[in-house]
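Heads up: the protein sequence lines correspond to chains A and B, in order. Position one of the first sequence corresponds to residue 1 (my numbering), numbered consecutively onward. Position one of the second sequence corresponds to residue 1 (my numbering), numbered consecutively onward.
Simulated from the structure, these hints should not be mistaken for lab results. A quick note: this is a predicted structure, and the numbers were derived from the prediction, not measured. Worth double-checking, as some hints may not be accurate.
Covered stretches of chain B (in silico footprint by chain A; criterion: 3 or more residues with CB under 8 Å from a CB of chain A, positions within the stretch not fixed) [claimed, not checked]: (1) 116-122; (2) 127-134; (3) 157-170; (4) 236-249; (5) 309-321; (6) 416-424.
Partial chain B-side listing against chain A, Cβ under 10 Å, derived [what the hints assert, rightly or not]: (7) R82; (8) F88; (9) H89; (10) K150; (11) R252; (12) R253; (13) A276; (14) M298; (15) F299; (16) L305; (17) S349; (18) G350; (19) S358; (20) K440.
Ideal Cβ placement from N, Cα and C applies to all residues, glycine included.
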Amino acid sequence: MDFEIPKEKNTGRIIEVALGATAEQGGSRSQKIIIGGSNALPFHFFEGEHPHRPVVAMEVFDKVPAKYPSTLMEYYREVIERPEEMAKKCVEDYGAELINVRLEGTHPEKGNRSAEEAADVVKQVLESVSVPLIITGHSHFEKTNEVLKKVCEVTEGENCLINYAETDNYKTIAAACLAYNHTLVAQTPIDVNLAKQLNILLTEMNFPPDKIVMDPLTGTLGYGLEYTYSIMERIRVDGLAGDKMLAFPMLVTPGYETAKVKEARVTQEDYPEWGDQELRNAYWEIAAAMSLLAAGAELLIMDHPKAVEIIKKNIIEICSSEDGV
Amino acid sequence: MALSGLDIFKLLPKTNCGDCGVPTCMAFAMKLAQKKAELNACPHASEEAKAKLGAASEPPIRLIRIGKARPLEVGNETVMFRHEKTFFHQPGIGLQIRTSEDKARIITGIKKVENYKVERVGEELRADLFLISHDADDKDLLLKTIQMVKDNSSMGVILDCPNKEALKAGIELAKEDRPAVLLRKELADEDIELAKTHPISLILTAPSFDGLASQAEKARQAGVSDLLLNLTSNNAGHRLQNNTIIRRSALRRSFKPFGYPLFTFIQAEDKFDLMAKASAFLCKYDSVIVLPQFDEAMFYTLFTLRQNIYTDPQKPIQVDPKVYPIGDPTPESPVFVTTNFSLTYFMVSGEIENSGISAHLVICDTEGQSVLTAWAAGKFVGDKIAKFIKDIHLEQQVKTRKLVIPGFVSQISGELEENLPGWEVIVGCQEASDISSFIKHVKLT
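For reference, chain A alone in the conformation it holds in the complex (with noise of 0.2 Å):
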């Protein structure tokens, strides 16, 4: 019986983002990434082109989050209070293919500490790996305008991946980024239009539109993931369709998100029917990563290194169909 494959051909594309400079491009990153570039629903192959595969980063911090799950800490417990130790761990034991580090200790509630010793800890970052950086302020205005304004000052040509600016508060921080030459997470909570009227904020102060990343706000498993999860799908339709303010690379936080909820958190003994802790936030993470990755995620930021790599694995094996269907 002759079956005809149905393919459905786009007019959008979805643009292509540098993460990292080299040496040559007024860096010290080993290489850069890119991240983007697909003409095509995720992973479809048959009908598109996915010029490059979706990216695994990894998280330090400058201050331990509270209630941090027993489980992570086993991986972590010798190095969580040394970034530069914990980010070496993740891309030399756990294959980060990127570092986040998560400057939450600056928040003016949760240590207050100072724009240079958030400084000092993203040099001593940078140092210690070569991988691309992602560096993660907080929701409090000032203190992360600050913050964030000196990190790029410090990073000057590392284009690293400025996480991040929304709509009350994004011009100091897309100001900083275009002075030191960095790119700019744009995040917006759960919405289409609100991330497209920020990513039109951005490109009408002139900001580089080949250097925005969107963050949907992720929802993790059993949190609200169906609302990420559609919202993405439909940003991405969106953005093939034609709509270029729509028509960005997506950055999701599973291993934050699911970090911090119970699931990840109680034991056995607590729960019974949850089932073994250990397993469950390996779990948890995964089935969170792996949606997201199929609702159009180019750049993951997880916490679990079991995770990090099932999930890598699998976006290998799923990037290596290309040759057929």
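Using the hints, position chain B against chain A.
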């Protein structure tokens, strides 16, 4: 394509015999077109009429039922993306049992999966079926295993048995329970004969689109239409694409041979890899997912993903309106009030918990709407909240007389205090992420 009344009339005997209960064939045709009658009411309909009308009235993906006591229904899907409408029938999740395994282990396994239930946002999550794999030629072990499942479980079964004699005996034993049969090899005439004479569904297996389509067409021509499709591939990327292509062919091209739910038996390197692949295939269109092993954490994770993806985007999940303890609250602990939109509940309860304090969280019935939407709809306003707090006798459960309400509805605080004499209303923060900080700075009791 839907047929018009006139198209249908041309296919009828045009004798106006009235045996269908309608005086004329024309009137009967009109009723058929409006789906107010079924063709089998006409005892004289030709085979041609049955085939044509059947094809025209079929849903793009056929609904398939497996099992009887607790039947699994899959199929009848109409969209590629859940945001276009919704995914209707949650995929069945099952466990493989090999008849060659130790009998005691098989029974323990059956009981474990049968009894495994977990509640999440008011829904009881459970597994749906067993795949019984039998490689031996001897039928006794197969029959014994089927009997073990019948005796210990309410779930449906899929029979996987290459030996046709043994399979036939197995079907006889299981037929009351509407089993499915997994065909590992190409559909044979004897399989069609079995399907025509027994209430079973056939799972067709092929390594190519053409092969699968030919088999499905062969079954359809023979009048066998309770089918599932199993396009085998060794690569997760191929499977994701194949599933999309099959679904798209059925929905957007009306390609009938692919208008059936998809089956997969997942094989992977280890349990983590299994989790990744099961997650991907659950998102992208597999309707029956069988795993080679069981552990509580794996099934809980997969059930949760299934619940997330198959939730109707237009009907938000609601949590039960009541007082939820966060941490280990005492009567002196503070009281927070919010809506019963599941996401609101999860965010607020999570953030209070992360702040390290214990509290009472009063969840009001807003029919699943979030704070601002519910306020705008008049469902999260002073008198409604006050009535709920009185109805649940909150004043007997806590010593404090202060309530924290979401910052987005500060405007209701006066009305709420008026309706709740003796209580003081504290306006909280707008975003759940600021709860920790809010708790540090405001005296809550």
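Going down the list of hints, with the structure as the test:
1. 116-122: holds (count 4)
2. 127-134: violated (count 0)
3. 157-170: violated (count 0)
4. 236-249: holds (count 10)
5. 309-321: holds (count 3)
6. 416-424: violated (count 0)
7. R82: With a minimum Cβ separation of about 6 Å from chain A (threshold 10 Å), the hint on B/R82 holds.
8. F88: This interface hint is violated because 15 Å lies over the 10 Å limit.
9. H89: Result: violated, 16 Å to nearest chain A Cβ.
10. K150: Cβ of B/K150 sits 25 Å from chain A, so the hint is violated.
11. R252: holds (6 Å)
12. R253: holds (5 Å)
13. A276: Holds, about 5 Å.
14. M298: Cβ of B/M298 sits 6 Å from chain A, so the hint holds.
15. F299: Since the shortest Cβ distance to chain A is 8 Å, the answer is holds.
16. L305: holds (5 Å)
17. S349: At about 9 Å, which falls below the 10 Å cut-off, the nearest Cβ of chain A leaves the hint on B/S349 intact, so it holds.
18. G350: holds (7 Å)
19. S358: At about 14 Å, which exceeds the 10 Å cut-off, the nearest Cβ of chain A leaves the hint on B/S358 violated.
20. K440: Hint holds; B/K440 Cβ to chain A Cβ min 7 Å, cut 10 Å.
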